[in-house]
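Protein chains: 2
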Amino acid sequence: MPELRKDTILGRWVIISTERSKRPHDFVTEKLVANGKFCPFCNGAEDSTPPEIWAIRDPNTAPNTPGWQVRVVANKYPALRIEGEFNRTGVGMYDMMNGIGAHEVIIETPNHEATIGTMSVDEVDRILLAYKVRMLDLLGDRRFQYILIFRNRGSAAGATLEHPHSQLIALPIVPKSVTEEIAGANTYYDFRERCVFCDIVRQELSDKVRLILETEHFISFEPFASRFPYETWIIPKRHYSSYEHIENNVQRDLALIIRDTVNRINTVLDYPPYNWILHTAPAHQTEMYQYHWHFEIMPKLTQVAGFEWGSGFYINPTPPEQAAADLRLENM
Amino acid sequence: MPELRKDTILGRWVIISTERSKRPHDFVTEKLVANGKFCPFCNGAEDSTPPEIWAIRDPNTAPNTPGWQVRVVANKYPALRIEGEFNRTGVGMYDMMNGIGAHEVIIETPNHEATIGTMSVDEVDRILLAYKVRMLDLLGDRRFQYILIFRNRGSAAGATLEHPHSQLIALPIVPKSVTEEIAGANTYYDFRERCVFCDIVRQELSDKVRLILETEHFISFEPFASRFPYETWIIPKRHYSSYEHIENNVQRDLALIIRDTVNRINTVLDYPPYNWILHTAPAHQTEMYQYHWHFEIMPKLTQVAGFEWGSGFYINPTPPEQAAADLRLENM
Chain W
1 MPELRKDTIL GRWVIISTER SKRPHDFVTE KLVANGKFCP FCNGAEDSTP
51 PEIWAIRDPN TAPNTPGWQV RVVANKYPAL RIEGEFNRTG VGMYDMMNGI
101 GAHEVIIETP NHEATIGTMS VDEVDRILLA YKVRMLDLLG DRRFQYILIF
151 RNRGSAAGAT LEHPHSQLIA LPIVPKSVTE EIAGANTYYD FRERCVFCDI
201 VRQELSDKVR LILETEHFIS FEPFASRFPY ETWIIPKRHY SSYEHIENNV
251 QRDLALIIRD TVNRINTVLD YPPYNWILHT APAHQTEMYQ YHWHFEIMPK
301 LTQVAGFEWG SGFYINPTPP EQAAADLRLE NM
Chain G
1 MPELRKDTIL GRWVIISTER SKRPHDFVTE KLVANGKFCP FCNGAEDSTP
51 PEIWAIRDPN TAPNTPGWQV RVVANKYPAL RIEGEFNRTG VGMYDMMNGI
101 GAHEVIIETP NHEATIGTMS VDEVDRILLA YKVRMLDLLG DRRFQYILIF
151 RNRGSAAGAT LEHPHSQLIA LPIVPKSVTE EIAGANTYYD FRERCVFCDI
201 VRQELSDKVR LILETEHFIS FEPFASRFPY ETWIIPKRHY SSYEHIENNV
251 QRDLALIIRD TVNRINTVLD YPPYNWILHT APAHQTEMYQ YHWHFEIMPK
301 LTQVAGFEWG SGFYINPTPP EQAAADLRLE NM
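These protein sequence lines map, in sequence, to chains W and G.
Per our numbering, the first sequence starts with residue 1, numbered consecutively.
Per our numbering, the second sequence starts with residue 1, numbered consecutively.
Note that these hints are calculated values from the structure, not bench results.
A hint or two may mislead.
Copies of one chain are not kept apart here, so a pair can be met inside one copy or by any two copies together.
[What the hints assert, rightly or not] Simulated crosslink set (SDA-like; lysine to any residue; CA at most 25 Å straight-line):
#	residue 1	residue 2
1	Lys-6	Gly-312
2	Lys-6	Arg-192
3	Lys-176	Cys-42
4	Lys-76	Ser-17
5	Lys-208	Thr-65
6	Lys-208	Tyr-189
7	Lys-237	Thr-215
8	Lys-6	Asp-253
9	Lys-37	Arg-142
10	Lys-22	Glu-83
11	Lys-37	Asp-137
12	Lys-6	Gly-184
13	Lys-76	Met-93
Just chain W, with the same shape it has in the complex:
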């Protein structure tokens, strides 16, 4: 059973893998499964993953056979385990709990070589539907406090498989970054009685210098205090705190802006490795007046992250106004 351990100073929880733990020689052997090698996520390889939890399929096709468009399976090497009861204990002065949770993989397409930037809007829309359906299902389990959805693209961004996929981790705690975001949003709300994210949307639509794209329901933009070159956020213009309540027409508009924004990033930065993370409200909340869900996309262009995650201090060599102009294709 993996362990969740709490950093006594910072209050941050960390998952420590206790099974299959990595030793010095394991770190050099990690390789990305590239084109041409066997891929467990491809069409026809359905029996090389755990059984499917949910899928969008052609009529009259059986689970775990070809004929799917999006397929959700348990992660074969989960960071957390779904079985068991929640149990918190002390270890000397420290605190831990057993690693209860869910770890799923959303296989986004049967096409190994697809990229988000060149998919149809329908294809991206199906991925977003999978996010929503799996969140709604897992939120029924009262042990889970947060559903974290992320996508690693490229080995430098931590992907171990090339086939397009997202991951979902259901956690028995709320990650510290989410708690901090909510605390910061609360402070702003206390002062101004407005949602800070709604104010950011208004500011960016007015300034326009950091804006990339605008659709009916969304904007994509470079944040004023971007930590990383070409860091990009996609945020709904209307106030929503929880992603899983997204309406079908809004989801389709999100698919459009994600597709077009990622396509810009791929064009300008030549298919960089990147991570995207869905920031959404914790589980079991009614609509929160001060929080606002959004996607953060972080291209991984520099190697300085090591120092920066250690110090919490960021040096960004590309002003976001310059990055936004590049992504608006003004200088091509």
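Please arrange chain G on chain W, whose structure you already have, making use of the hints.
Just chain G, lined up with the frame of chain W:
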């Protein structure tokens, strides 16, 4: 002039470079200056750096000529500028200040191929003396709120030059990670009326399972909630909040444990890229009862950092007890 911009939600400050800003094609051309190429930090190349600020030199040698053992110079491409007055302004709803600060390079040795793990204790002691001397000097400038000292080793850890060196950044703000550490330490102190770091030292000396080395004044160990495989802390056993007050005999003992601990990391992990960061109290503080300076060393073994700095959520595949046993050379 670089800009310091504040993240309105999280309260985190980011340095945005406005001169020499990087565009898409700049990110692929970064290369480490390797052995055999011209190195501006080597003996005899003194005129290819800005003039020296401080050095340990052979008697009767002139500044900016050979004959030095440790040499401190301004960073040729500084993230912050030393000239100018402090100026905070609003930009719409956002906040910024001009990028006042110092950015220095501590060239640790004239020997390009030296490594900390194989230096003599005297050599490491001189580097630590340079840290102290430069901190004491810069702390005389009341504009600076924090002196951040770090060391990037290997291109995957963000080093752009191979020659052994550390960096120092004097900041007009306290980095968020330091503020958070102090806030966490305050919470613990309020509850237990003891320094959390002192308690950690006692716990690790008692448990021994995460301990690597112990000297007269220090321990090196793997933290209970390590974020990264083989993350290693070096901490004084006695309570001190500010590094710059270190006594000479304690500094020499620190040189010994740093040298031996880094040597273990290099041996077990085959000279991994790593970052080390000196965590010390903010400037202009009297001795703080709840804070305790220490070094954090983070080998960069995995590529998952992208997701992890984005979410604040860490998955560590190597239990710290296993890592400590490896670094105690128990399994070799």
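Here is what the structure says about each hint:
Taking identical chains as interchangeable, the C-alpha atoms of Lys-6 and Gly-312 lie at most 25 Å apart whether they share a chain (18 Å) or sit on different chains (13 Å). Only between protomers do Lys-6 and Arg-192 lie at most 25 Å apart by alpha-carbon distance; the minimum there is 17 Å, versus 34 Å within a single protomer. In this assembly of identical chains, Lys-176 and Cys-42 lie within 25 Å of each other by CA distance neither inside one copy nor across copies; the values are 35 Å within and 43 Å between. In this assembly of identical chains, Lys-76 and Ser-17 lie within 25 Å of each other by CA distance solely inside one copy; the values are 14 Å within and 43 Å between copies.
Taking identical chains as interchangeable, the C-alpha atoms of Lys-208 and Thr-65 are never at most 25 Å apart, the minima being 48 Å within one chain and 52 Å between chains. Proximity of Lys-208 and Tyr-189 under a CA criterion of 25 Å is satisfied intra-copy only: 24 Å inside one chain copy versus 47 Å between copies. In the homo-oligomer, the alpha carbons of Lys-237 and Thr-215 lie at most 25 Å apart inside one protomer (9 Å), although the nearest pairing across protomers, at 58 Å, exceeds that limit. For the identical chains of this complex, Lys-6 and Asp-253 are neighbours neither inside a copy (39 Å) nor across copies (31 Å), given an alpha-carbon limit of 25 Å.
Neither within a single protomer nor between protomers do Lys-37 and Arg-142 lie at most 25 Å apart by alpha-carbon distance, with minima of 40 Å and 60 Å respectively. For the homomeric pair Lys-22 and Glu-83, the shortest alpha-carbon distance inside one copy (23 Å) is at most 25 Å, but the shortest distance between copies (48 Å) is not. In this homomeric assembly, Lys-37 and Asp-137 never come within 25 Å of each other (Cα to Cα): the closest approach is 34 Å inside a single copy and 58 Å across copies. Within a single copy, Lys-6 and Gly-184 get their C-alpha atoms as close as 22 Å, and across copies as close as 12 Å, so both meet the 25 Å cut-off.
For the homomeric pair Lys-76 and Met-93, neither the shortest alpha-carbon distance inside one copy (34 Å) nor that between copies (46 Å) is at most 25 Å.
Violation of the numbered hints given earlier is confined to hints 3, 5, 8, 9, 11 and 13; the remaining hints are satisfied by the structure.
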